[in-house]
Amino acid sequence: MREISTASITQTVREMFLELSYVGTRDLMAALHDAKHREESPLGQLVLDQLLTNYEIAATERVAICQDTGMSVVFAQIGQDVHMVGGDFEESIQQGVREAYTEGYLRKSIVRDPIFERVNTGDNTPCVIHTRIVPGTQITLTALAKGFGSENMSALKMLVPADGIEGVKRFVLDTVEAAGPNPCPPIIVGIGIGGSFEQSAVLAKECTALPLDQKNPDERYAALEDELLERINALGIGPSGTGGTMTALKVHIRQAATHIAGLPVAVNICCHAARHATRTI
Amino acid sequence: MQERRLTLPFDEETARSLRVGQPALLTGIIYTARDAAHKRLIELVDAGEPLPIDLRNQTLYYVGPAPASPGHAVGSAGPTTSYRMDPYTPKLLALGLRGMIGKGLRSQPVIDAMKQYGAVYFGAVGGAAALIARSIESSRVIAYPDLGAEAIHEFVVRDFPVTVIIDTLGQNLYELGPKTYKRERT
Chain F
0 MREISTASIT QTVREMFLEL SYVGTRDLMA ALHDAKHREE SPLGQLVLDQ
50 LLTNYEIAAT ERVAICQDTG MSVVFAQIGQ DVHMVGGDFE ESIQQGVREA
100 YTEGYLRKSI VRDPIFERVN TGDNTPCVIH TRIVPGTQIT LTALAKGFGS
150 ENMSALKMLV PADGIEGVKR FVLDTVEAAG PNPCPPIIVG IGIGGSFEQS
200 AVLAKECTAL PLDQKNPDER YAALEDELLE RINALGIGPS GTGGTMTALK
250 VHIRQAATHI AGLPVAVNIC CHAARHATRT I
Chain W
0 MQERRLTLPF DEETARSLRV GQPALLTGII YTARDAAHKR LIELVDAGEP
50 LPIDLRNQTL YYVGPAPASP GHAVGSAGPT TSYRMDPYTP KLLALGLRGM
100 IGKGLRSQPV IDAMKQYGAV YFGAVGGAAA LIARSIESSR VIAYPDLGAE
150 AIHEFVVRDF PVTVIIDTLG QNLYELGPKT YKRERT
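Here the protein sequences line up with chains F and W, keeping their order. Sequential numbering of the first sequence, starting at 0, is according to numbering that gives the first Met the number 0. Sequential numbering of the second sequence, starting at 0, is according to numbering that gives the first Met the number 0.
The following block holds chain F by itself, in its conformation from the complex (with noise of 0.2 Å):
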């Protein structure tokens, strides 16, 4: 058994979101220069050249890569060997996130009831928490922003095992061409595929935290991920929308076993401000 401070949990999470709010991960710079050279309109990389831009500005100036600095997402993978100490393990986590938010300058974008109380929170929580008890000794934290451009865009479909793979692509094809310029293009597409209605949402929102250098273990799947990319670039939809080759820079999937009955298809958009920071305690 280990013992963990809940106060270190808030620590983690207080500067995962700063971090991940300022600074691009060095995958997606490395992919928004080589989109730029692939683009072929030259619309495309004027926007391309002034997001590059904008990257460089927020990790300098410290300051937000965009004014929508999301709600909050935390996957919490804790080993089962681990004592936590010293307070309530969420409310670490959302104590993390108003400490980033207050202090870092970034927007509150939180209203407390969808319907009946758009009140604003103040303070960017609650945060959204995803708890897995795995082997071990250690915590390990996934922090998201997500921007809602993107989110409003994200879709779910229970399609029926008759549907196959040509029905996944049509509905991973149809919701980004749906999309268009909404989600602020180029996009990083995560497709949860398989397990039940919620499993497949969770698993295309973890798709949208990992590195884009990587790919899908199993090859059939890897091959599906390029495919889709080449045929989500072949919409012509482009940086920002206005026409390019330049569309998405990335489609991550996930499967899980399922029902016998059912073929769950999620797809999380995420715009090309794609913050994430993983760290273990």
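Certain hints may be false.
[Claimed, not checked] In silico negatives: residues of chain F with every beta carbon more than 10 Å from chain W:
1) E14
2) T24
3) E39
4) E60
5) G163
6) I236
[Unchecked claim] With a cut-off of at most 27 Å between alpha-carbon atoms, the simulated BS3-like pairs for lysine-lysine come out as follows:
7) F:K156 - W:K181
8) F:K168 - F:K214
9) W:K178 - W:K114
10) W:K178 - F:K35
11) W:K181 - F:K168
12) W:K178 - F:K168
13) F:K214 - W:K181
14) W:K178 - W:K90
15) F:K35 - W:K181
16) F:K156 - F:K168
17) W:K90 - W:K114
18) F:K214 - F:K156
19) F:K107 - W:K38
20) F:K156 - F:K35
21) W:K90 - W:K38
Hint data in this document are derived by calculation from the structure and do not stem from the laboratory. Every residue gets a Cβ at the ideal spot worked out from N, C-alpha and C, and that includes glycine.
Given the coordinates of chain F, work out where chain W should sit on it, guided by the hints.
Relative to chain F, chain W alone:
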């Protein structure tokens, strides 16, 4: 294409001279408004009451800026997705609203009203929020301070970078641009 310099506010004749795909640098006054502010403006319009700002020839920017850190006039301030304002927009265009800055698709009723009243939809680059903030020289809240980031701010801008997405003829860069680069589904 050479950037066109525009001074805000601007009149109908200038609006009707702008064409789809034209890059432009905006200098002058713009007002921010997003979901919650639009809802309040329309409630006033529907009640026949005066608005906190006269919209004639003015430009609305769909944005909820991040808080300004020390040494900055405003925090990061890129465009939000415009379609959420569509249900409210035709009524504002009827009041003389001349320009809108945002990102993403607009509805047909909005485009029809833009043609009728002579208004332009500009696109700013989504996610270029720190870069865009550099062209905002000052910011002050002029209505609905209780809405925080969603309050109506008056921005004084210099060379604010945009592209004409939909012009007064209803020509739409989100349709024309992708058409050029679309390869048929195989």
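How the hints compare with the structure:
1. E14: holds (17 Å)
2. T24: holds (14 Å)
3. E39: violated (7 Å)
4. E60: Answer for E60 (chain F): violated, closest chain W Cβ roughly 7 Å.
5. G163: Non-interface label on G163 (chain F) holds, nearest chain W Cβ at 17 Å vs cutoff 10 Å.
6. I236: violated (5 Å)
7. F:K156 - W:K181: holds (26 Å)
8. F:K168 - F:K214: holds (18 Å)
9. W:K178 - W:K114: Distance ~22 Å between K178 (chain W) and K114 (chain W) Cα, so the pair holds.
10. W:K178 - F:K35: holds (20 Å)
11. W:K181 - F:K168: holds (17 Å)
12. W:K178 - F:K168: holds (21 Å)
13. F:K214 - W:K181: holds (26 Å)
14. W:K178 - W:K90: violated (31 Å)
15. F:K35 - W:K181: Satisfied, since the Cα-Cα distance of roughly 18 Å is no more than 27 Å.
16. F:K156 - F:K168: The hint holds at about 12 Å.
17. W:K90 - W:K114: holds (14 Å)
18. F:K214 - F:K156: It holds: about 24 Å lies between the C-alpha atoms, which stays within 27 Å.
19. F:K107 - W:K38: Since the Cα atoms of K107 (chain F) and K38 (chain W) sit roughly 20 Å apart, the hinted pair holds (cutoff 27 Å).
20. F:K156 - F:K35: Violated, at roughly 33 Å.
21. W:K90 - W:K38: With Cα atoms ~12 Å apart, K90 (chain W) and K38 (chain W) stay inside 27 Å; holds.
Going down the numbered hints, you'll see the structure goes against 3, 4, 6, 14, 20, while the others check out.
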